[in-house]
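**Student:** Read off the chains here:
Number of protein chains: 2
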Amino acid sequence: MMQLQNAGRFIEDLAQELGPKAVLMGPDVPVRNRTDWSFLPQAAPLAVFRPSSTEEVSRILKTCSQAGIPVTPQGGMTGLCGGSRPLDGGVALSMERMTGIEQIDPDGMTMTVLAGTPLEVIQKAADEAGLFFALDLGARGSCAIGGNLSTNAGGNRVIRYGMARDLVLGLEVVLPDGTVLSMLNRMLKNNAGYDLKQLFVGAEGTLGVITRAVLRLHPKPGCVCAAMCVVNGYDKVLELLGTARRTLGPFLSAFEVMWADYWHQATERVPGGKAPVSIGDGTHVVLIEVQGLDDEIDGARFSAWLEQLFEKGVIEDGAVAQTLSDMADFWGTRDAAAEFANPAVIGPHISFDIGLPIRRIEEFVTRSKPALLEQFGCHSVHYGHVGDGNIHIVAWVPGADPQPLSDVSTVVYGIVRELGGTVSAEHGIGLLKKPYLKHTRDDAQVDLMRRIKRSVDPDWIVNATKIFD
Amino acid sequence: MMQLQNAGRFIEDLAQELGPKAVLMGPDVPVRNRTDWSFLPQAAPLAVFRPSSTEEVSRILKTCSQAGIPVTPQGGMTGLCGGSRPLDGGVALSMERMTGIEQIDPDGMTMTVLAGTPLEVIQKAADEAGLFFALDLGARGSCAIGGNLSTNAGGNRVIRYGMARDLVLGLEVVLPDGTVLSMLNRMLKNNAGYDLKQLFVGAEGTLGVITRAVLRLHPKPGCVCAAMCVVNGYDKVLELLGTARRTLGPFLSAFEVMWADYWHQATERVPGGKAPVSIGDGTHVVLIEVQGLDDEIDGARFSAWLEQLFEKGVIEDGAVAQTLSDMADFWGTRDAAAEFANPAVIGPHISFDIGLPIRRIEEFVTRSKPALLEQFGCHSVHYGHVGDGNIHIVAWVPGADPQPLSDVSTVVYGIVRELGGTVSAEHGIGLLKKPYLKHTRDDAQVDLMRRIKRSVDPDWIVNATKIFD
Chain Z
1 MMQLQNAGRF
11 IEDLAQELGP
21 KAVLMGPDVP
31 VRNRTDWSFL
41 PQAAPLAVFR
51 PSSTEEVSRI
61 LKTCSQAGIP
71 VTPQGGMTGL
81 CGGSRPLDGG
91 VALSMERMTG
101 IEQIDPDGMT
111 MTVLAGTPLE
121 VIQKAADEAG
131 LFFALDLGAR
141 GSCAIGGNLS
151 TNAGGNRVIR
161 YGMARDLVLG
171 LEVVLPDGTV
181 LSMLNRMLKN
191 NAGYDLKQLF
201 VGAEGTLGVI
211 TRAVLRLHPK
221 PGCVCAAMCV
231 VNGYDKVLEL
241 LGTARRTLGP
251 FLSAFEVMWA
261 DYWHQATERV
271 PGGKAPVSIG
281 DGTHVVLIEV
291 QGLDDEIDGA
301 RFSAWLEQLF
311 EKGVIEDGAV
321 AQTLSDMADF
331 WGTRDAAAEF
341 ANPAVIGPHI
351 SFDIGLPIRR
361 IEEFVTRSKP
371 ALLEQFGCHS
381 VHYGHVGDGN
391 IHIVAWVPGA
401 DPQPLSDVST
411 VVYGIVRELG
421 GTVSAEHGIG
431 LLKKPYLKHT
441 RDDAQVDLMR
451 RIKRSVDPDW
461 IVNATKIFD
Chain F
1 MMQLQNAGRF
11 IEDLAQELGP
21 KAVLMGPDVP
31 VRNRTDWSFL
41 PQAAPLAVFR
51 PSSTEEVSRI
61 LKTCSQAGIP
71 VTPQGGMTGL
81 CGGSRPLDGG
91 VALSMERMTG
101 IEQIDPDGMT
111 MTVLAGTPLE
121 VIQKAADEAG
131 LFFALDLGAR
141 GSCAIGGNLS
151 TNAGGNRVIR
161 YGMARDLVLG
171 LEVVLPDGTV
181 LSMLNRMLKN
191 NAGYDLKQLF
201 VGAEGTLGVI
211 TRAVLRLHPK
221 PGCVCAAMCV
231 VNGYDKVLEL
241 LGTARRTLGP
251 FLSAFEVMWA
261 DYWHQATERV
271 PGGKAPVSIG
281 DGTHVVLIEV
291 QGLDDEIDGA
301 RFSAWLEQLF
311 EKGVIEDGAV
321 AQTLSDMADF
331 WGTRDAAAEF
341 ANPAVIGPHI
351 SFDIGLPIRR
361 IEEFVTRSKP
371 ALLEQFGCHS
381 VHYGHVGDGN
391 IHIVAWVPGA
401 DPQPLSDVST
411 VVYGIVRELG
421 GTVSAEHGIG
431 LLKKPYLKHT
441 RDDAQVDLMR
451 RIKRSVDPDW
461 IVNATKIFD
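If you read the protein sequences in the order shown, they are chains Z and F. In case it helps, my numbering puts the first sequence at residues 1 to 469. In case it helps, my numbering puts the second sequence at residues 1 to 469.
Extracted from the complex, chain Z is given alone in its bound form (with noise of 0.2 Å):
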């Protein structure tokens, strides 16, 4: 790294160029811009740009590689893995002043977008058109569709729609040298050569800049039905997702689990919280989305549907929503867990974001939750996308400040290696989970994770420090 000195010099060159907009400086630069989700300490960059375009983009990679000055990309700071908090002494590269829509393709189904464009903007944009676009999580009014695809952003729908991954095909990424890689290809078909858009996707920014995207708009589903399911044993559950996928087939757009610790929490501790069912001796609440091609067919089969399961005995009890009402509520209790961090709650507490395979999900719980609770005192409770084998643990001592994060981890990610999954579902790696990695990825893997890094950001500017050093 240069020193701060010549490092000032280059940066206040590059803000003459490219004029006031474009740049704040040392304490001008935002709290937003500081640190992400993560609830990792503020940074103190020398600066933030927020360029205007990819030339832009370009000049201030090109610059910074040359002056040897560290840039973190930043999109909706809405990742929870630090994967965009600057580094001390580094600069941000906010891609917040390039947003909108630039073209929309009914026949190719395609959107083209610029990367700091918020998810939810992109959304509505689609609505209007007559089309969907499947991405769809929390963060969506804040996060940016940039973030979405460095992240290989996952979320509620992947059981049919796939992850951001699957929603993209087309990528205009401006590399640490300042090349500008066009590669806005629309079609769903392209065998070329090196398929290179995927190196960047769920990179964290660590191998260049995402500045365009094209993106893939599905059909708008004719109607949304939502049921929410007691069962009793996690054998159930997975009878009721065979069932589920072999019944509703391409239809089926969510089946998310809450284990009856999240359950209670949920819908006894939340402010305003509901329960739309009662759990009673039930051991999980499954929440299952379809979305069919007309209400009066696919919703009449779907009840029918859940009305021979009760009648089998795989489900104890279960609601159907009636109004889009219902639909909040049903989902309002699969979200509450965004209120943990209010005291009245549950309060500070440490959050995960694992991937197991399917069948081995509940040998996860039943073992994790007695060691943190022994070993630490640490309660936990569990939920998530199990659809996907993807479940996430809340887990929190009462009264720790700060909470044992590290031994916590330990114990959590070692059960996850032992039943071969993944330290991060569809959060990432970012600064948080660095540690751990090698818990999922063997040296192997990681050198040539390394290698592929070193070809392509040789001076190590772009988001060094992230997912490996």
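One or more hints might be untrue.
Pairs involving identical chains hold if they fit within one copy or between any two copies, as the list cannot separate such chains.
[What the hints assert, rightly or not] With a straight-line cut-off of 25 Å between C-alpha atoms, the simulated SDA-like cross-links for lysine to any residue are:
#: 1; residue 1: Lys434; residue 2: Val180
#: 2; residue 1: Lys220; residue 2: Asp326
#: 3; residue 1: Lys369; residue 2: Thr54
#: 4; residue 1: Lys62; residue 2: Asp443
#: 5; residue 1: Lys220; residue 2: Leu137
#: 6; residue 1: Lys274; residue 2: Phe10
#: 7; residue 1: Lys434; residue 2: Asp447
Keep in mind the hints are simulated off the structure, nothing from the lab.
Chain Z is fixed; fit chain F onto it per the hints.
**Tutor:** Frame of chain Z, contents of chain F only:
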């Protein structure tokens, strides 16, 4: 490259180590290992290795890397671009002895297979397990899954299930230096660092050798329906595609278009060719396939939809398959191009596999067809996966031997470039399309491909000379 003499010694040592089943040398190399379905002349490799384990693949690659002997990975040898044709003086590494299904996980809906396993064996095993493997293409009986993944194969159901890339969750790969990358992930979601398997999918064996794969299975469709629709004008093709997507949603599993010029060849010239509908004055015939949940409900909905389209004048005529034999006839017409090499039909010809933004496909046809005829007396007919933006062209100059491959390619790929298309939608680049890679990928992209290749295969050992130099 080493002198032949030294290379021979390395190979003989390896042959001794691995045993006689694992290697055939010089004149004993079978014809099938000397070229693929590209019609390129047979090569003269020093040997073909036929390892029976990942460990043997690793030893072969390590030895060849150290000795500087180029290695060409081989699967079912059904590629159309020369990708698996070995080098004179190099060695072929055939996966033909590494076949078999190792595990099926019904909860996770995954199947773990060895790379040499034929596609059809996989399809049948999934079916027997009550599940469905969605990849399907003409060479299903001969092609190997490792080759399907290395070329990111497309085929008949991309519109619904995606390409080979979308159907793989994990890979085991041997790098050129013999390092084994064990990335046998079985989860739908895994964001722990770079998703390295993406590098090897579609790399045509230029970055390493795939030895095992974890495939993604789908629920078995409850019913399959198909229709053939005659339309008048490409605008009507687009209208039909739009309404098919909206009305049939995720059920739509194929949208294949035959231009009238193709239709006449397929139904009138091919021996035993059948015309399931009468084209009359129509310009295109569309084969629509739907995979539904329940024949009674979804089959009726499909027929009602078609009747409506006929009444509205979107389609001129249509036929719905009533029996499996009807269905076979519909697909037989679509697949009749396989018979075009018969001298009684067309005889020697040139095939293309281009991709275009869907709206521009007809523009391509109306420009290229007269240009080829006027410039070279070259006839051409058109058909393909219009729903994926991918068409095939069969072009021929009657009586010409050889066919003017280079002249015709220059015209076809020139128009493809102008319209923002791709020189290969699904077959890959291999040797045949190398001169045209830059019609689709610019210098910056090809340069990055080279950097990636160099970082993974510094001695340029695996499948050297393919895709780019």
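**Student:** At most 25 Å between CA atoms: does that hold for Lys434 and Val180 within a copy, between copies, both, or neither?
**Tutor:** between (29 Å within a copy, 23 Å between copies)
**Student:** Checking Lys369 and Thr54: alpha-carbon separation at most 25 Å within a copy, between copies, both or neither?
**Tutor:** Neither way: Lys369 and Thr54 sit 48 Å apart in one copy and 38 Å across, limit 25 Å.
**Student:** Cα distance capped at 25 Å. Does Lys274 pair with Phe10 within a copy, between copies, both, or neither?
**Tutor:** neither (56 Å within a copy, 72 Å between copies)
**Student:** Is it within a copy, between copies, both, or neither that the alpha carbon of Lys220 lies no farther than 25 Å from that of Leu137?
**Tutor:** within (18 Å within a copy, 29 Å between copies)
**Student:** Can you tell me if Lys220 and Asp326 fall within 25 Å by alpha carbon in one copy, between copies, both or neither?
**Tutor:** Within. Shortest intra-copy distance 21 Å satisfies the 25 Å Cα cut-off; inter-copy 32 Å does not.
**Student:** If the cut is 25 Å between Cα atoms, do Lys434 and Asp447 qualify within a copy, between copies, both or neither?
**Tutor:** within (14 Å within a copy, 30 Å between copies)
**Student:** With identical chains, the pair Lys62 and Asp443 could be close in the same copy or across copies; at 25 Å between alpha carbons, which is it: within, between, both, or neither?
**Tutor:** Cα proximity of Lys62 and Asp443: across copies only (18 Å, versus 32 Å in one copy).
Against the hints set out earlier in the document, violations occur for numbers 3, 6.
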